[in-house]
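Peer 1: Now for the letters of each chain:
There are 2 protein chains.
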Amino acid sequence: MPVNRGYEHGGNLERAAEIFQKNREAFLDFSANINPLGIPDGLQELLVQSISRLTDYPDPEYKGLRRELAVYTGISAGRIIPGNGAAEIIALLFQTLKPKRVLIPAPTFVEYEQSAILAGAEIRHFELREAASFQPEIEELAAEMAQGVDCLMLCNPNNPTSSLLKPAELEYLIRQAGRCRTMVVIDEAFIELTEGSSANSMVKYVPACDNLFIVRAFTKIFAVPGLRLGYGIGNQDFIDRMRFRQQPWPVNNMAACAGEYLTKAREYLARTSAWLKGEKEWLYGRLGAIPGLKAFPPEANFILVKLLDGALDAGELHDRLGKRGILIRNAANFRYLNDRYFRVAVKDRASNLRLVEMLREELANY
Amino acid sequence: MPVNRGYEHGGNLERAAEIFQKNREAFLDFSANINPLGIPDGLQELLVQSISRLTDYPDPEYKGLRRELAVYTGISAGRIIPGNGAAEIIALLFQTLKPKRVLIPAPTFVEYEQSAILAGAEIRHFELREAASFQPEIEELAAEMAQGVDCLMLCNPNNPTSSLLKPAELEYLIRQAGRCRTMVVIDEAFIELTEGSSANSMVKYVPACDNLFIVRAFTKIFAVPGLRLGYGIGNQDFIDRMRFRQQPWPVNNMAACAGEYLTKAREYLARTSAWLKGEKEWLYGRLGAIPGLKAFPPEANFILVKLLDGALDAGELHDRLGKRGILIRNAANFRYLNDRYFRVAVKDRASNLRLVEMLREELANY
Numbered sequence: 019m020p021v022n023r024g025y026e027h028g029g030n031l032e033r034a035a036e037i038f039q040k041n042r043e044a045f046l047d048f049s050a051n052i053n054p055l056g057i058p059d060g061l062q063e064l065l066v067q068s069i070s071r072l073t074d075y076p077d078p079e080y081k082g083l084r085r086e087l088a089v090y091t092g093i094s095a096g097r098i099i100p101g102n103g104a105a106e107i108i109a110l111l112f113q114t115l116k117p118k119r120v121l122i123p124a125p126t127f128v129e130y131e132q133s134a135i136l137a138g139a140e141i142r143h144f145e146l147r148e149a150a151s152f153q154p155e156i157e158e159l160a161a162e163m164a165q166g167v168d169c170l171m172l173c174n175p176n177n178p179t180s181s182l183l184k185p186a187e188l189e190y191l192i193r194q195a196g197r198c199r200t201m202v203v204i205d206e207a208f209i210e211l212t213e214g215s216s217a218n219s220m221v222k223y224v225p226a227c228d229n230l231f232i233v234r235a236f237t238k239i240f241a242v243p244g245l246r247l248g249y250g251i252g253n254q255d256f257i258d259r260m261r262f263r264q265q266p267w268p269v270n271n272m273a274a275c276a277g278e279y280l281t282k283a284r285e286y287l288a289r290t291s292a293w294l295k296g297e298k299e300w301l302y303g304r305l306g307a308i309p310g311l312k313a314f315p316p317e318a319n320f321i322l323v324k325l326l327d328g329a330l331d332a333g334e335l336h337d338r339l340g341k342r343g344i345l346i347r348n349a350a351n352f353r354y355l356n357d358r359y360f361r362v363a364v365k366d367r368a369s370n371l372r373l374v375e376m377l378r379e380e381l382a383n384y
Numbered sequence: 019m020p021v022n023r024g025y026e027h028g029g030n031l032e033r034a035a036e037i038f039q040k041n042r043e044a045f046l047d048f049s050a051n052i053n054p055l056g057i058p059d060g061l062q063e064l065l066v067q068s069i070s071r072l073t074d075y076p077d078p079e080y081k082g083l084r085r086e087l088a089v090y091t092g093i094s095a096g097r098i099i100p101g102n103g104a105a106e107i108i109a110l111l112f113q114t115l116k117p118k119r120v121l122i123p124a125p126t127f128v129e130y131e132q133s134a135i136l137a138g139a140e141i142r143h144f145e146l147r148e149a150a151s152f153q154p155e156i157e158e159l160a161a162e163m164a165q166g167v168d169c170l171m172l173c174n175p176n177n178p179t180s181s182l183l184k185p186a187e188l189e190y191l192i193r194q195a196g197r198c199r200t201m202v203v204i205d206e207a208f209i210e211l212t213e214g215s216s217a218n219s220m221v222k223y224v225p226a227c228d229n230l231f232i233v234r235a236f237t238k239i240f241a242v243p244g245l246r247l248g249y250g251i252g253n254q255d256f257i258d259r260m261r262f263r264q265q266p267w268p269v270n271n272m273a274a275c276a277g278e279y280l281t282k283a284r285e286y287l288a289r290t291s292a293w294l295k296g297e298k299e300w301l302y303g304r305l306g307a308i309p310g311l312k313a314f315p316p317e318a319n320f321i322l323v324k325l326l327d328g329a330l331d332a333g334e335l336h337d338r339l340g341k342r343g344i345l346i347r348n349a350a351n352f353r354y355l356n357d358r359y360f361r362v363a364v365k366d367r368a369s370n371l372r373l374v375e376m377l378r379e380e381l382a383n384y
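Line by line, the protein sequences give chains B and V.
All residue numbers for the first sequence refer to this note's numbering, where the first residue is 19 and numbers rise by one.
All residue numbers for the second sequence refer to this note's numbering, where the first residue is 19 and numbers rise by one.
Derived from the structure by calculation, the hints contain no laboratory data.
Same chains, same label: a pair holds when it works inside one copy or across any pair of copies.
Calculated lysine-lysine pairs in the DSSO-like style (CA-CA distance at most 27 Å, straight line):
id: 1; residue 1: Lys312; residue 2: Lys184
id: 2; residue 1: Lys324; residue 2: Lys295
id: 3; residue 1: Lys81; residue 2: Lys40
Just so it is clear, the structure is predicted and the values come from calculations on it, not from any experiment.
Please model the entire structure based on the sequences and the hints provided.
Peer 2: Structure representation (structure tokens):
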């Protein structure tokens, strides 16, 4: 049976249903880091209306969507490229840039490495150390970058560590990168799910920095992983080259309509911030208080956790919780992590309580 | 303003609305070759239901969709790869095969050439001659293929000529291709819109021919260009390699649900055949009877037409009809064609009548 790369990621309810012999609906899914507020009000109605547009080809220029994204991000439409999820933007970015060497701080989202390798790049990893809460030493990272690297690939906030680089640190890296002709790519898939939200974004630096490219997604913030909608922001020449390589109609009409609508969901973003601020700290505190667990301080809507007791590993914990209808992300397949680590999303209070109780039971029982 | 490749294709209502200063809805669109029966019964309701699936990631294996496609095509699911429209399948095919030389009979759909070039291939064209009704001399094509060609790319029925190669001719080509280790790719995007429908398909040859790959689409037959759903059928090793290169979630949940449903729309396919049989011949006859026009015999739901009188060219005709709310496809940008050629879709009788009347008027007025 052929298997594509999605198999290795969180949120694979099909697979969980198979393994644990349950309906997809039976799971509380902490393995995918999706906004638990559900889809924004009005999106359902809008999508129903958009069905009438199925008999037309999408606009190959996606003018409407790009216009709304320009308003949402404060960047001109010519610097914006929509895509079939952030995954398409990342793949297309590497296919267009064709970097010889890509530097990737890790542990991080595995798609960067896989997409870069498929585009012919050699990968250099920069280890994010647990002792430093997975924060890179910026000068050290800049020095590594100066060693003949064409592209520095950052995930900010970083998945799975939930750590965040501040604009001043990123500004320094981008400036240093400019000196050695390195493209800095920042995947901001979770940026609206940090405290401060888009204030942590480097989008506003794009007009002044030709060597900066930002990847964004609707998936996490608007709870629409089934929609497949992402976008890239960069210098106009490079965006034009990407658009030339891209297939003519990468985003379907329903996703394009949804995207136009979601950029205006300001009230939803405010509710998200209000929920996240309290809930993230609450869950972090509760997880850290469970004997045998260490939680790393989260900057986004997910938390990396370490199993301190050597006996129970993340795979076993995943299986035990799965049987009880709770899905966590075993983080063993992230580079520099191992079977002592797992990742959980921050969900609503009732779900988070249930997770905490089950974890407490499993660790006590062991 | 960055423009992607979709700009050059038919069905660009956004562009037409801009040029002719009309609403999209004001046009009778003969420029896109879409089934005029509209979307099948029940699809609207099914899509409304599928909205609830947006908060889940798609199944990265697309098991449900592949299972239904296996029933629809009679080929095992392991030989089937779904994609974000046939356009993604074609691009991914060339990126995976990495052919050095691709032989493309032309005039044909321009995406083959563009995707193959982006994957690093050199293109050889094989001219389809108007005098032979755009049918290739098969022995001659096979001889050309034997000259160090890695891949023969066919469109069957061919767009824009509406000509069709018969299974016996294709079987011969595939056998010859096997001897010189050439992959034969057949884009069957319009196969269900030929008389005989899937009886003209080469899908059934796939299990016995490792060097055969078929591209299929939902777009034309089910009137869903806004959905973006296509698939490829080939030998399992090659399909696995394509799936490995493909992004994890290429098809959104609504498109995947729609695809599962549409493979069972047998009654719709029967109605389509009944409409097409009569209407295609009717329109062909009427177009051919207009002084100054020559229509080429259509095997699919579209007709290539030549302007015999040297004064009015296809660009001008396109503009004159556009002002009156009728869109045709100026075929001047197809290789080996020029501004004497245009293409029209076969639509419902009332629309076709209007097209014929308008064409008659424009040619008489000139």
